Amino acid sequence: MRRALGLLLLWTVLLATSLSWAGGGGAESPLLRVPWKVTEHRLPNGMRALLLPDKRAPAVVFLVWYQVGSREERAGKTGLAHLLEHMMFRGTKERSGKEFSNLIKRNGGSHNAFTSYDYTAYYERMPADRLELVMQLEADRMVNLELRKEDFEPEKNVVLEERRTRTDDSPTSLLFEQVQAAAFTAHPYRNPIIGWERDIRSLGLDDLREFYRRYYDPANAIAVIVGDFEPEQAVRLLEKHFGPVPTRKPAGRPAFQQNAERVERRVVVRKEAELPYLSMAHHAPHWKSGDGHALAMLEAVLGGGETSRLHQRLVRRDQIALSAGADYTYISVDPGLFYLFAQPVPGKKAEEVERAIQEELDRLIKEGVTREELDRALRSVEAQTVFSMDNPFYRAMLLGRAAVAGDWRLVESFLPGLAKVKPEDVVRVAKAYLGPEARTTGVLVPLPLERKPRRPPASLPHGPADGGR
Amino acid sequence: MPATRERLFRAFFLALLLAGLLAPGASRAALRYDREELPGGAVLLVKESPELPMVNVQISLDAGSRREPPGKAGLAQMTASLLARGAAGKNALEIAKLNDALGGGAGVSAGRDHVTASLKVLTRDLEEGAGLLADILRRPAFPPDEIEKTRSQTLGSLRKQQDRPGYLAGLAFRRELYGNTAEGRQVEGSPETVPLIRREDIQAFHRNWYGMKGAIFVFVGDITLQRARDIVLQHFQGWEAKGGEAPSPPLPPAPKGLKAVKVDRPLTQATVVLGNRSLTRKNPDFYAARVMNYILGGGGFESWLMNNLREQKGLVYGVYSMFESDADSGLWRLVLQTKNESANQAIDESLVEVRRMQESGISEQQLEEAKAFITGSFATQFSSSGRIADFILSVERLGFDPGYADRYPQLIRAVTREQVQEAARKHIKLDEAVLAVVGNMAEAKLKR
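These protein sequence lines map, in sequence, to chains A and B.
The opening residue of the first sequence carries number 1 in full-length UniProt numbering; numbering runs sequentially from there.
The opening residue of the second sequence carries number 1 in full-length UniProt numbering; numbering runs sequentially from there.
Only chain A is shown next, with the shape it has when bound in the complex (with noise of 0.2 angstroms):
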């Protein structure tokens, strides 16, 4: 149940090319440490790299990762990274995109991107001796990339294509752009990262030549490669193939603050759909406060699994919801939101999940949560976090995100202080940031498929995405 609700919240995080995800979590007691070893590398221009050897299968991993994502985009240019990505596989100076796919392709790779808040990555998935060729590939694209005018217009096509696909016909991913653009008011997390429709369709090839000289950089990049290699030859080939590549020496990332009003906020969508949706946000502080162990720790007790509070108070005990639980961003540039959210079960409304979550939440600042409790929960996330390094790829998104929040090393130091947590301190955080005085709730309130849709002007200024036109 929770999976597919991480999953249904990483949709709208993360944007990828075309497919492709996998899950996992983030951990504790005898083990407590990350079975892997890092080694780290600069180049002379400024790129890092992060290399992990894995030997279980004759297979390599590469990601780079841009730190650029939407999160850079100026107003009235949302989409911009993320269309930009997709115009990374339109080919460069050297080669055209259609040869770079079908090289990957003829070597038995595969290859994709994402963008995100905070990031813009690419990869490729190899057998183990085509290292060299992929690092090729990627540097070339770095600098070479080759903006056409003739490759835009499709591409642009297929992005509001996209935007259709994940968001317009999704009444759940409608209602979670609009509460994140609700709670956000002065930061560009307010923004969807594919952008609003009206963004991507006024984008220029100017607003991409600008934006790829700005930020695709040696210097603003990180590689990661996860698998089956010798870390002193991958070495000398990111030398080889990446340190000739001059940097501009990149400005870095803006600062931006949310502001720290406390208002409450209320959204709601009406859209054709078979159930409501409930979800409230709150703004809470990631892994550079004291506090952000001491939250994980909340979520894990409140959405994390068929134990947890809300799925065993709103899907088992009063059956009034068909899923129920809890997100939250620990890894991330800026703080991000935690996230409630329950779907009801046919028949009920969003305001009789939003009444339990509310009492579930008072129940716990008011009675506390017990040791055993947490020990459970810190079990299960260790236990997760090493089926997560079952999967190289996994352990690849785990390291580059880390990287691009700040430090990789961040992977390692979460399982122990989740252990350091006391039964207080979930409680203190969640009368700290929990409460309903600076929270956005979401609400969707399905409309009978019978009422033909009346479509909102295409005037309306950041609309509710119509997605028509």
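Everything labelled a hint here was simulated from the structure, so no lab data went into it.
Fair warning: there could be bad hints in the mix.
Stated by the list, open to error - A few chain A residues that face chain B, going by a derived Cβ cut-off under 10 angstroms, partial list only:
| no. | residue |
| --- | --- |
| 1 | Val61 |
| 2 | Ser110 |
| 3 | His111 |
| 4 | Glu153 |
| 5 | Phe393 |
Unchecked claim - Non-contacting residues of chain A with respect to chain B, defined by C-beta distances greater than 10 angstroms in every case (computed):
| no. | residue |
| --- | --- |
| 6 | Arg148 |
| 7 | Pro171 |
| 8 | Val235 |
| 9 | Glu239 |
| 10 | Gly290 |
Only a predicted model underlies this, so the values are computations on that prediction, with no experimental measurement involved.
C-beta: ideal position from N, C-alpha, C; glycine also.
For this one, chain A is given, so just place chain B on it according to the hints.
Coordinates of chain B only, in the frame set by chain A:
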């Protein structure tokens, strides 16, 4: 006995290697596993991979929805979901607590052909996990109140699925293609059938179909053959199913021509599923069909369908085609989403690509590139112990031997251009096809 088998297997592998028949960087080490037949008609498959302190277990039982009596669609899935809702004297919460403490990696789910029970645990928790799995599989209580909870959850999630255009299109497609048979129905059942399932049905289904006969046990990870055998014998010995009649109503005749099914919904996009009944996984044409479909619509960005509809025309975010073939049945389908207004164009362009494959075939270079990808990428797909377990399980279900992984690249390499074109003509049947479209019909103005 296993030792001999292993040696023979290695000898076979060595011969292949010397003959230079394996792809560079192929799957060898990743896919060598032991196979042993157990008392009671079960099979044990073990792949040792001790690098991480965890074990992945899968147990496959012949208790899928094709075993359901008429009118009880959803019974197999409901039985599977109820196993962990009370067993061996423990109630649902006690079982959930145990499972959550183990990392939440135990579960049972039903498919059309079989039920798969899976367990992912740290090595230190293996005994506890195996005991849990044995309890829920062998000693479920099926408490009446849990049956009602599961029923209303199922009905609710059937409602929720209606909000997913891809789900609706797939549903309409299968129903039209296979009628009211296990192939045409949803494993979850329907709002009409789920209310009819009684506790006696569930108990009988469990009694009849859950047991050692035909069961496949797969262990991948930090485990030895010896230990795996001990675990299975300790927890599952003497576990018998009663067996019974497996109803299998005949399939309705295939559609004549291209049969269109339309579902009107107020959406911005039309979701299109086009396809036909097609070859099984055991059909010798499978390898040519695999190469063909890779080029047509299975090869990511480079497929003909993606190249035309996405790269050239910007009509879709995604379009793909695939064979869904297992031991007894198979179908071919093409799936795309496009804004309502361009549905006709996207369908037309898809048909252009299919006909091009059938009428003009492929070039020698395309053939070689496809083979290079399929053989070269074989190893990269085994990227986790779960993936490896899935693969081993499917090889056993198809009745292939543990050497199949090594033969696979050869089978692909032997495919010719003529066979590829032949596979497109024989196994994609546009004159016996179903076209299911979900979208805003007023905007789509479908001409079919």
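Enumerate the violated hints, using their earlier numbering and listing them in ascending order.
Those not satisfied come down to hint 7.
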